[in-house]
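Visitor: Sequence:
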Amino acid sequence: MSQEFLDAERALLGKEARTSDVVISTALIPGKPAPLLILEDAVRDMAPGSVIVDLAAEMGGNVETTKKGQITKTHGVTHIGLTDLPSRMPAHASTLYANNISGFLFSLGTDDHFHINLEDEVTRGAVVLKAGELLWPPPPPPSMAPAQAAAKPTAVKAEPPNPFNETLKDAFLYSTGLASLIGLGIASPNPAFTTMTTTLALAGVVGYHTVWGVVPALHSPLMSVTNAVSGITAVGGLLLMGGGYVPETPVQWLASTAALISFVNVFGGFMVTQRMLDMFKRPGDPPEYGYLYAIPAAALMGGYITTAMQGYPEVHQMAYLAASLCCVGALAGLSSQATARKGNYLGMIGVAGGIAATLGALTPSAEVLAQMLGVAGVGGLIGGTIAKKIEITDLPQLVAGFHSLVGMAAVLTCLATYMHDFPAMAMDPTAATLKTSLFLGTYIGGITFTGSLVAYGKLQGSLSSAPLLLPGRHAINAGLLAGSLGCGGALLAFPEAPGLPLLSAAAVLSGIQGLTLTAAIGGADMPVVITVLNSYSGWALCAEGFMLNNSLMTIVGALIGSSGAILSYIMCKAMNRSLPNVILGGYGVTSGGTARPAGATHTELNVDSVADLIYRASNIIITPGYGLCVAKAQYPIAELVELLKSAGKKVRFAIHPVAGRMPGQLNVLLAEAGVPYDDVYEMEEINEEFPETDLVLVIGANDTVNSAAEDDPNSPIAGMPVLKVWKSNQVVVMKRSMGVGYAAVDNPIFYNPNTAMLLGDAKKTCDALLERVKHLAA
Numbered sequence: 005m006s007q008e009f010l011d012a013e014r015a016l017l018g019k020e021a022r023t024s025d026v027v028i029s030t031a032l033i034p035g036k037p038a039p040l041l042i043l044e045d046a047v048r049d050m051a052p053g054s055v056i057v058d059l060a061a062e063m064g065g066n067v068e069t070t071k072k073g074q075i076t077k078t079h080g081v082t083h084i085g086l087t088d089l090p091s092r093m094p095a096h097a098s099t100l101y102a103n104n105i106s107g108f109l110f111s112l113g114t115d116d117h118f119h120i121n122l123e124d125e126v127t128r129g130a131v132v133l134k135a136g137e138l139l140w141p142p143p144p145p146p147s148m149a150p151a152q153a154a155a156k157p158t159a160v161k162a163e164p165p166n167p168f169n170e171t172l173k174d175a176f177l178y179s180t181g182l183a184s185l186i187g188l189g190i191a192s193p194n195p196a197f198t199t200m201t202t203t204l205a206l207a208g209v210v211g212y213h214t215v216w217g218v219v220p221a222l223h224s225p226l227m228s229v230t231n232a233v234s235g236i237t238a239v240g241g242l243l244l245m246g247g248g249y250v251p252e253t254p255v256q257w258l259a260s261t262a263a264l265i266s267f268v269n270v271f272g273g274f275m276v277t278q279r280m281l282d283m284f285k286r287p288g289d290p291p292e293y294g295y296l297y298a299i300p301a302a303a304l305m306g307g308y309i310t311t312a313m314q315g316y317p318e319v320h321q322m323a324y325l326a327a328s329l330c331c332v333g334a335l336a337g338l339s340s341q342a343t344a345r346k347g348n349y350l351g352m353i354g355v356a357g358g359i360a361a362t363l364g365a366l367t368p369s370a371e372v373l374a375q376m377l378g379v380a381g382v383g384g385l386i387g388g389t390i391a392k393k394i395e396i397t398d399l400p401q402l403v404a405g406f407h408s409l410v411g412m413a414a415v416l417t418c419l420a421t422y423m424h425d426f427p428a429m430a431m432d433p434t435a436a437t438l439k440t441s442l443f444l445g446t447y448i449g450g451i452t453f454t455g456s457l458v459a460y461g462k463l464q465g466s467l468s469s470a471p472l473l474l475p476g477r478h479a480i481n482a483g484l485l486a487g488s489l490g491c492g493g494a495l496l497a498f499p500e501a502p503g504l505p506l507l508s509a510a511a512v513l514s515g516i517q518g519l520t521l522t523a524a525i526g527g528a529d530m531p532v533v534i535t536v537l538n539s540y541s542g543w544a545l546c547a548e549g550f551m552l553n554n555s556l557m558t559i560v561g562a563l564i565g566s567s568g569a570i571l572s573y574i575m576c577k578a579m580n581r582s583l584p585n586v587i588l589g590g591y592g593v594t595s596g597g598t599a600r601p602a603g604a605t606h607t608e609l610n611v612d613s614v615a616d617l618i619y620r621a622s623n624i625i626i627t628p629g630y631g632l633c634v635a636k637a638q639y640p641i642a643e644l645v646e647l648l649k650s651a652g653k654k655v656r657f658a659i660h661p662v663a664g665r666m667p668g669q670l671n672v673l674l675a676e677a678g679v680p681y682d683d684v685y686e687m688e689e690i691n692e693e694f695p696e697t698d699l700v701l702v703i704g705a706n707d708t709v710n711s712a713a714e715d716d717p718n719s720p721i722a723g724m725p726v727l728k729v730w731k732s733n734q735v736v737v738m739k740r741s742m743g744v745g746y747a748a749v750d751n752p753i754f755y756n757p758n759t760a761m762l763l764g765d766a767k768k769t770c771d772a773l774l775e776r777v778k779h780l781a782a
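Numbering (the working numbering), first residue to last: 5 to 782.
I should point out that these hints are in silico values taken from the structure, not numbers from a laboratory.
Some hints could be false.
[Claimed, not checked] Estimated spans, in silico, between C-beta atoms of each pair: (1) LEU325 - GLY465: 42 to 48 Å; (2) PRO90 - VAL634: 56 to 62 Å; (3) LYS19 - PRO90: 30 to 36 Å.
Quick reminder that beta carbons are idealized off the backbone N, C-alpha and C, glycines included.
Given only the sequences and the hints, what does the whole structure look like? Please build it.
Guide: Shown next as structure tokens:
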């Protein structure tokens, strides 16, 4: 045989040895040394604990590292090179038989006493005579009934819905809604209120259908872009600004501050959104020419300025409409990756157009205009700096922080508006409507401001993520709500009395309520908290729109409110929780479920063993969780996936809706690391593919892959949609410890025969796996 043939043979056998746990070699050539088939390099790459039995050791061995006549351990692999195995066989067989007989004899008694237990099947079968009595043959052993499996808890079968009752419920619901609209018509103080209510209703319907069209992978950009357009609160501040180059009255100072923090939101929100969307670009994607959207921006601005200067009175409202439609387009663009960046540009055009229309309607003096531009510039500088420096892993904190700015801007604008309009309220027949809007804006803004600050602290780690369960917290929150409503009622009941103290008290009480509500919510529920606060900020903006009779603020507020409400519904459904249960800090939560079976054990593997599993598998799914975000392990995982795909393996990611700390966070983190969005699948898209999967890597996830959600109707997470990773051939769970997840429920899959645990820091473990797989691939 040629040397080329021998080299190819050794390469083939070495490849097989690297993926084997036991190697038995028998190749011999009569009268010649045994052929050398497996080299030391292949042995070095075998999994620790593997065994080589070299039956050709007497003639030199087929394995380079075998030592004749010895049992050795090289590179963590045990080598059996014994040359007298045939002669050892009888001794081993005799020893085995002798051990069995000795054990039986010792069981019959001690040195000086025999204890013949005829109840013992083995003893009874060996006794022929006892005290002269013939006991042979022994009775047949009793038939063994098949072991019955432990009864599984059964869920109570739900009764099928009654079509009549369902239809009747819908009929009552629609009747209530339609009657309420008629009631609003009776209570409407003027046509402006009716028009604004119509605008709100239609905008809410548009927002509802638009947000449902946003793909889950873009939920994080959705929240970011709604942060940006919520900066329309700047309009409320601009309408009340005055003085000269600097504000001169308390009202003007409040308005200037509200505008400043609103512009932080505008610039910061759009820049962060653009950063995220750029991460989703793939190397082969066609070029984009975003700068061309300056053309429609110039058309809107130029057309508005030209017509406004010519004195057309209705052009201001049409500019507001154009800006509003662009903001709708910002959300609609997120329905696909192809149009997402277009949506962000439309949002920029919409907010810029709305601000320009506000300035055009105000026609401020040169000094006040300079003040407004200065406020916008400072706010933009602050927001832009934050957007550039923020790490994507800190995105939930950023969103929570921006929500707090929207809430504060709403409170400041409402207080400033009351101070500005109070002298004329006594003679205004629509003062009650204005005061109601002022109260709602203040109340919702106060909760949004402080609640967002607490959420920021919990996400940032400045505050403990554990829920702060104050004694009687529900009574406290009810009292704070009653106090705030009392302030609002007094504001309406005593029209001639100064209402600023009442409005300020409502702001303080709502702020405290925001603190107590959010502090009682644990870190695991922060995704829902963020989306709820997002919704709050939108409704606060709607209240401002009614207060200032501004259709732009009302439309944008309805879009944001709908967005937050829908995302909150999606998050709660993904956790099988109700919104009140989350917001009230687990009110009425019951614990239960099957505990870990006594004596259940788990299997632990080391990095080398898991790398070997990865190297052998052809079809792999990676299921990341919040642990991946915390450890920032997305970079080695992305490199590992690229390496595996280049080797011809099928690798995908499976994302649960509540993985991470805000909707869509893991999609953005993977995109940041360079994972193409084509390889990332939502739970509904991939759940049925686990049975055909060779290996699932669960990284930093727990509750989202817990089989108790499906198998145990008494579990606290029963009914929660989960990723069915346990149906795959092999599961490797990578987490810090065997501890429970945020739901505080044992995960049965940890103890399944097809599950192994790889414990440790996710980043260090993924780095080690990457290096080991690289070595195997080489």
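Visitor: Check each numbered hint from earlier against the structure, then list the numbers of those it violates in ascending order.
Guide: none
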